Amino acid sequence: MPSRTTLHAWLMLTPALVLLIGFTHYPAVATLWHSFFTTPRANRPARYIGVENYTALADDPVFWQALWNNLIYAGATIPLSIGLALAMAVWVNGKLQGRTALRIAYFTPTVLPMIAVANLWLFFYTPDYGLLDQITRALFGWGPTNWIGQQETALGAMIVIAVWKEAGFFMIFYLAALQAIPPNLYEAAAIEGASRARVFLRVTLPLLGPTTLFIAVNAVINGFRLVDHIIVMTRGGPDNATALLLTMIYDLGFRFWDTATAAALTVVLLVILAATAALQFAFAAKRVHYR
Amino acid sequence: MTQAPALPRLGTILETTAAWLLALVWVAPLLYAVWAAIHPTGYATRFELFAPLTLSNFAAAWEAAPFARYFLNTFALVTMVLVAQFVLCTLAAFAFARAAFWGSGILFGLVLVQLMIMPDILLVENYRTMRALGLVDTILSIGLPYMASAFGIFLLRQTFKQVPKELEEAARVEGCGTLGILLRVYVPLAKPTYLAYGLTSVSYHWNNFLWPLVITNSVETRPLTVGLSVFASTDQGIDWAIISAATLMTSAPLLLGFLLFQRQFVQSFMRAGIK
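Quick mapping for you: the protein sequence lines, in order, are chains A and B.
So the first sequence is numbered by the UniProt record's numbering: it starts at 1 and just counts up by one.
So the second sequence is numbered by the UniProt record's numbering: it starts at 1 and just counts up by one.
In short, the hints are calculated from the structure, not lab data.
Just so we're clear, the structure is a prediction, and the values are computed from it rather than from any experiment.
Each residue gets a CB set at the ideal place from its N, CA and C atoms; glycine is no exception.
Hints are not guaranteed to be accurate.
[Said to hold, decoys possible] Computed footprint of chain B on chain A, listed as stretches where at least three residues anywhere in the stretch have a Cβ under 8 Å from a Cβ of chain B: (1) 19-26; (2) 247-255.
[To be verified] Listed below are several chain A residues computed to face chain B (Cβ distance under 10 Å; list not exhaustive): (3) G94; (4) I221; (5) D228; (6) I231; (7) T266.
All chains, full assembly: derive it from the sequences and hints.
Okay, here's the thing in structure tokens:
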């Protein structure tokens with residue numbers, strides 16, 4: 001009875017689909033629609049203005065800086081967190097002393113709220129009294145540095161926090177993949193007398209392909225989504241040095257109530273995410289054998 | 001056969017050192033906060049082995065803001081989201097895994113869109129929707145956009161697909177309906193997936209900040225994260241000791257849960273086959 005199966009399937013799918021469409025697909029399309037109108041005010045309804053919101057964005061140097069900052073932010077956090085996660089997983093999976101303690105240490109930031117993390121790191125970065133300044137003074141004799149208060153270091157300071165927060169989470173996925181590799185592959189490599197580095201490059205790394213793809217997808221999304229600490233620590237400052245696309249959307253939408261420009265900016269972010277998704281998909285279809 | 005196997009090689013020593021240094025960096029911010037929270041304010045930036053210990057910072061933080069209410073809000077939010085996700089994702093995943101119907105592939109693709117475009121990014125438009133529904137500043141509105149989770153549907157579908165068809169047929173012979181088969185055969189076999197997904201979901205929503213910040217504006221609805229940010233930015237100036245105490249307090253339940261169950265935590269991820 002195929003028709004009954006179909007009916008059951010639709011009954012089971014409907015609740016999830018309604019919410020998914022309501023809060024993911026509809027808002028994505030509605031954002032595009034609203035980006036062609038002015039912001040509705042109490043006495044003035046929204047008016048169609050074509051691409052004016054987009055040209056306004058293109059003329060805004062803050063937008064270009066936020067876009068550039070975000071590319072740096074994503075471009076740094078993605079490879080750093082994935083690389084560290086892989087190193088952590090290999091260490092924790094190996095025969096090092098105190099593996100359990102290491103695993104706990106690496107994973108701990110994952111369970112901390114980003115907002116709590118921001119408070120903890122605020123101590124770290126405080127000029128003069130902060131731990132980072134105390135360490136750099138003891139080691140290199142540096143003077144006080146305003147890590148999050150000056151343009152040169154603020155974005156880097158935010159990147160460090162994001163990497164710190166993410167790497168332990170990604171480690172878990174690598175760990176799961178490493179433990180799923182059949183031991184006889186390593187035995188075969190040992191019989192052939194392959195060096196440790198060679199085994200890692202020729203046996204381990206290729207088998208981690210699907211995991212790396214999965215992690216990369218998450219890392220890309222986080223490269224644009226993980227901004228909580230920026231909103232509390234610097235509010236995009238100093239002088240927009242840490243402004244990212246999502247912090248700018250928040251500022252436009254909920255501090256200046258300029259929802260029309262915020263919609264246009266959201267569309268820009270959606271296009272970037274869709275393009276990276278398409279790229280990753282094409283890459284996956286070519287290189288990774290996923291069931 | 002040129003190396004003496006008894007001596008640890010230089011490479012191993014270097015690797016062990018690097019691993020431990022990294023671990024030290026990874027726990028340093030937390031240890032620092034613990035130090036600041038259990039000592040009087042003056043010791044927040046001075047390290048003396050025999051500095052006096054105190055719990056008064058926790059008491060002061062607890063008094064200074066309605067943290068009891070924030071805890072209650074977060075607890076209600078996390079529970080509501082988890083229950084809704086389990087029910088909605090189980091039903092949808094089962095349909096995708098076992099019912100071959102026209103268009104299911106396209107539909108599944110549409111679901112997966114949410115993996116890339118998460119509700120966090122669509123906050124301006126979702127705020128508009130919540131206002132239209134009259135739900136602004138309710139706990140329901142914080143959780144609603146996340147209840148149908150593509151990640152959950154994806155994970156459970158993968159798990160359900162690995163259940164042998166024979167088990168389902170055996171249950172059908174014994175007179176189970178579709179829902180009975182789902183509850184008696186599929187759900188019990190997917191326990192590790194539920195545990196892993198549940199843990200991810202709880203920690204995500206316990207820690208979520210931006211959307212709750214936007215959609216709530218009163219003590220009665222604010223979750224802990226938003227409460228903590230309001231507390232740290234307005235009330236306290238820079239009293240490190242009290243802010244550390246409040247920060248540790250809000251993170252404590254998850255942190256303790258993780259430390260107590262960390263082995264199961266990690267293993268449930270592995271057994272769920274998220275790899």
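So, going through the hints one by one against the coordinates:
With 7 residues having a Cβ less than 8 Å from any Cβ of chain B, the stretch 19-26 of chain A passes the three-residue criterion, so the hint holds. Counting residues of the stretch 247-255 of chain A whose C-beta sits closer than 8 Å to any C-beta of chain B gives 4, which meets the bar of three, so the coverage hint holds. Look at G94(A): its Cβ gets to within about 8 Å of chain B, closer than 10 Å, so that hint holds up. Among the interface hints, the one on I221(A) holds; its C-beta lies about 7 Å from the nearest C-beta in chain B, closer than the 10 Å criterion.
Because the smallest distance between the Cβ of D228(A) and any Cβ of chain B comes to about 4 Å, under 10 Å, the interface hint for this residue holds. Checking I231(A) against chain B by beta carbon gives a least distance of about 7 Å; that is within 10 Å, so the hint holds. For T266(A), the interface hint holds, the least distance from its beta-carbon to any beta-carbon of chain B being 6 Å, beneath 10 Å.
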